[in-house]
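Q: Sequence:
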Amino acid sequence: MSIASALAICPDLVIVDGEDLTPFRDVSKRLYALLRSYSWNDRVERLGLDEVWMDVSDIIEYNVELLNRHDLEHSWFCLDNKDPEKGFAFDARGFAGQVYGREKVGLEGPGTGGYEGGQAGLLRTKLLLASHLALHLRLKIEEEGYTTACGISTNKLLAKLVGNVNKPRNQTTLLSLGPDDGEETVQRFMGSHQLRKIPGIGGKTAAALSDYFISQSKPGSSSPPNPKEITVDDLLSCPGLSPSKLDSLLSSLSSSSSTGTGTGKHILSLLQGHDPSPVKPARSIPTQISIEDTYFSCPLVTIEQIRRELVKITGSLLKRMKTDLMDDDKKRWLARPKTLRLTTRPRTDPKEGRGYGYGRVSKSQGLPGYVFNNGNAHGDDEIVQRLVAETLLPMFRELNPLNPRKGGKEYSIGLLNVCVTNMDSIDPTTAGGGGSGGGGRDIKNMFMRAREFTVYDPEHEHADNTGTQPETEAELLEHSDVDVDVDVHAGDPSHDPDLNLDMSDTSYESSNGKARGSLKNNDNGDPSTTNHQQQQHPVSTIHEQAQAQAQADRDTNHHLGTNMSTNHYYFHIEDDDEVWDDSPDNVWNHNEEEPTEEDIDYDDLRDAEGMSCVNGDSDGDGDGDGDGIKCPLCNHFIPLFALSAHERFHSMEEFEGELD
DNA sequence: TGGGGTCCT
DNA sequence: AGGACCC
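In full-length UniProt numbering, the protein residues as written are 1 to 660.
Each hint should be verified, as a subset may be incorrect.
Straight-line distance between alpha carbons at most 30 Å, and here's what the computed DSS-like set of lysine-lysine pairs gives [said to hold, decoys possible]:
id, residue 1, residue 2
1, 280, 338
2, 330, 319
3, 280, 312
4, 86, 312
5, 312, 363
Just so you know, these hints were derived from the structure itself, not from any lab.
Can you make the complete structure from the sequences, with help from the hints?
A: Below you can see the structure in the form of structure tokens.
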């Protein structure tokens, strides 16, 4: 819903100008640092503010060796290969959390493909260990006051997707266990997804694929397929499907996908659950920093308006540069962007709304060196003014050469974005000036928040081929004529012991049934996850926590019926899942006593620096998206940025005696 | 409809 | 410089 239509519905709505994402970034940073501190290989990749993949295959392999199959119940998971005491006890007879595929069985018992069950057994063992590691990490994050969801699998794609299966505050391991089972499980899992749900297949690609499916299925049969509901299975059932066919289908898209796709071949392998992309090593320096503002409902028309906005934006940008590109003391730049980019979106006619990025145009230029001159007494203001006057405004005029159709000398600008990029990075550990005192072993200056995680085995990275048989020479010659083989018959999964743990954020359920939005476990005394117990009984408690949590999840699901969302508060949730259906009951359980205003702690709702949110866009087409909560008082969806304003709104109501 | 990001042409 | 993808 646009702000304009929100205002139409609710004229009293107070709109707060400009979201400040700083609090989100800070939390993100903290949790990312936490996760990173557990990694042995620093392969900890983030996506957005709230997702992380971790490649933990090294940790898993180490711990496979440690397993004592004669006493699985009392296993020890070692978190530090130099300190055997660092770790946690767990029960290796079963998986932690939920499992997709086969029954939920552990390493013992008949027909489990058990501990010594060959390659499949080994993979199962690794996945099982990863599930326990995932639980451990998730509990650590809960100690910080946040909840997560997590997927565990053998590559990033699968881990991310399977993390959605038991969405709120839970984890799921995708059991893909070898030639006899693995591919079946993976294909069954993948096949059930709508095309658009596959990461890497975005709106354009999904539309093209759907069109193709519809064109193919038309002659024969039945009901008119809804493009959005076409599944991977549907598409794969098209007889004529081949990589080259897909290539031509997608050729009109100038480029495809971020996963390095673009080719039909790649898309096909995605559809089969293959994803050779490695978890990228943690990066301390972003490749780009940008600040933008939109003026959708009230386009900027005068050059003076534009100048003022550019000053605001540039001021924030300089601040961001200092927090993200300087060392802790703000003494030294760790990286200097070399390029400055200005992007605008001339407001187009209402009809032309089409793409989300429609009409964006940009210009790049060198970033003047004076930007890095610090220590100025007047602060940044001079720098900002100068940059706007000397660089940004001229760029703007180039971008918007003449006055638009207004007839006069007016602009009509719906968006401004200022970006610094092309980082010239100064390696902190080798930088001349520096801290002799201690190598940069401090990771606290990283960003991140918690969400996805992965684990895989770099050693097998070359066997990219989950997609294509590692067919020796055929592989080498492959590029000569790529298409023919549609049946990218997966390689032997047991060949591919990559583990991929995907941790994704979820929700927080108020533990006492009272609708308080507190994020902190410690605040509301949730007994199952307190620090205290964990320290007192490290061995038994984590397992108990797992059990308790699993039981709690079952209870929750049970008494809530099929709708897991009731009476949950969601804190930063994924974009595309069905958890939210926007019906009012989703957030507020009418069976619960209606809260009075005193019961509602807006600080808590906002807590975590505003991490609370509700997913709005479940169809993934970009509409209705936005983070926020449903107000317990009026049941309206309140975007995060408007939360405090909304709170004020109710206080005013109360003040005026209109409430009640 | 928002305020960011990444990678690939 | 722009497009496609991600949150």
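Q: All the hints need checking, so say for each whether the structure fits it.
A: How the hints compare with the structure:
no.: 1; hint: 280 x 338; in the structure: holds, 24 Å
no.: 2; hint: 330 x 319; in the structure: holds, 11 Å
no.: 3; hint: 280 x 312; in the structure: violated, 34 Å
no.: 4; hint: 86 x 312; in the structure: violated, 48 Å
no.: 5; hint: 312 x 363; in the structure: holds, 19 Å
The structure is inconsistent with the numbered hints 3 and 4, although it conforms to all the rest.
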